[in-house]
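Enquirer: Each chain is listed here by its residues.
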Amino acid sequence: MKVNKKPAVSVGGASSEQPVLVVDKISKVYQTNSGSLIAVDGMSFSVNPQEVVSVIGPSGCGKSTLFNLIGGLTPPSSGKISVSGMPVNGPHPSISMVFQEESIFPWRNVVNNVAFPLEINGVPKAEREEHARRFIQMVGLEGFENHTPSQLSGGMRQRVAIARGLASEPKLLLMDEPFAALDEQTRLLLGDKVIQMQQELKQTILLITHNITEAIQLSDRIVVMSYRPGRLKRIIDIDLPRPRTSEIVSSEEFGRYVAMIWDDLREEASKGMAAADSARATT
Amino acid sequence: MTAKSAIFQKEKWVIPLQLGVTFLFFAIIEIAIELKWLNEYVLSRPSKIFFAFHRIIVEESILSYTAVTFMEVLGASLGLIFIAIPFGILLAQKKVLWQAWGDWVSALAAAPIVLLYPLFLVVFGRSPMTIIVIAFLTGFSPVVIKTVEGITNVRQVLKDVGRSFNLSAYQQFKLITLPAALPAIFLGLRLGLIYAMITVVAVEYLIDLGGLGNIVGELAERYDLPATYAAMCFVVGVSILFFAFLERLEKWLT
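As they're listed, the protein sequences go chains A and B.
Using this note's numbering, read the first sequence as starting at 1 and increasing by one per residue.
Using this note's numbering, read the second sequence as starting at 1 and increasing by one per residue.
To be clear, the hints were calculated from the coordinates, so they are not data collected in a lab.
Fair warning: there could be bad hints in the mix.
The list that follows gives simulated cross-link-like pairs (lysine-lysine, DSS-like), each with its CA atoms no further than 27 Å apart [unchecked claim]: (1) B:LYS159 - A:LYS171; (2) A:LYS193 - A:LYS171; (3) A:LYS125 - B:LYS251; (4) B:LYS12 - B:LYS36.
Sequences and hints are given; from them, build the entire structure.
Expert: Below you can see the structure in the form of structure tokens.
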């Protein structure tokens, strides 16, 4: 069980390849009516090729801000982000984003949702549909190609969103709590699906989550964030064997990781709860 | 059983029920007139109204009047589609535009525009254009208001998906904003066309200028009560078909 107490930009796995993602001293400050709010403060970490890294932290620690910063939807106040050595100054073609909220288009059927990134890149219809079907099959939705989102369950809709994210063959798949709205069983089973896809495609993934089980089940490393301002608390290497399935959650080693991460998060979550209570008391 | 199949099963008995209730209603009126509870010189017997249908179609050429009404509704519809929807889209682009114009558009919805028909007669003359313009203005507000509502209420996450794929402003509008807003736009269009259709028939009646409203007025002036009621039922039937067509079109497009 390895723990990096004082991580720097170079912190990562043992890979000698160039990292897919480098987050270098990134900060985001929002101006509010009551002054400046530091959402993310000097975060630095990297993600190596084919690696799955999770960012975990208590509610309100700036995880979603970090997601938007890496995805290029929000500009940072300071610091740099690069993907495969290229700076991220806005939405980047090498990054695909899977959002926490339901984000597939209700007016398109499954195949047209998944083919969307190819459609905007001018790929001919027959070719893009064939390509999309490959990813639909990969997420286990074959037979549902012509269904509309309203005919699918919440878990199936999120799988469509993941397939859409993968269809553009990104260097980095960036996911913000994609299973947050789902029940625990579905969440575990979808975790298995993500592990299968990741292994099949050798996909590099950065997962933002507040779910400890999900983070350990899926990740090679876990970046733990502190409560506001969101700072890097530590990076934990997950030395569990691969290929993994959801059965691993019942192992002793898994339990030790859960306890270790919870130790860190409990302290931070308590700060968050205290801050929320005092905010409620003043209003 | 899925919710969808439950809806279809319901439809099987809803239509016979609707027809049954309508038949029962006419039967009660027929009996009430027979028993002299209702005055036949005020309300015609449904049986006579039924047989008057043949007369208004063959002798009064109601279908040619329907064509006139249809053309006028079509003119107003084109105005709503090509003027009101783009105007709504324009207002939805900038908050300041909606703040400047929104109250006026809402006020127009409450204004009894049909009462201004003498003014429109002066401006456009006694022509179908007068009817089309009044009908267009009556349907204008709901179409604009629902278009603005549809566009401004597009979920942020859908916009973010577009941004994450680096769409241009035109792609963002064509591929995300417009399809997401389409159900609201169609709702506005349906409301606008309902108002427009009512206004077309009402103004035709008021200014005696062709169309279904005109034939209802003519038959009433002749005191041909069965034919008058038959013509009124015909107008209702045409309206029902028109809105059923709009519903189908909406389902097909959204």
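Enquirer: Decide, hint by hint, whether the structure agrees.
Expert: How the hints compare with the structure:
1. B:LYS159 - A:LYS171: Between LYS159 (chain B) and LYS171 (chain A) the Cα gap is close to 22 Å, so the pair holds against 27 Å.
2. A:LYS193 - A:LYS171: The given pair, whose Cα atoms are some 19 Å apart, holds under the 27 Å limit.
3. A:LYS125 - B:LYS251: Given pair LYS125 (chain A), LYS251 (chain B) holds - Cα atoms ~24 Å apart, limit 27 Å.
4. B:LYS12 - B:LYS36: Roughly 37 Å between the alpha carbons, so the hint for LYS12 (chain B) and LYS36 (chain B) is violated.
When held up to the earlier numbered hints, the structure conflicts with hint 4 and nothing else.
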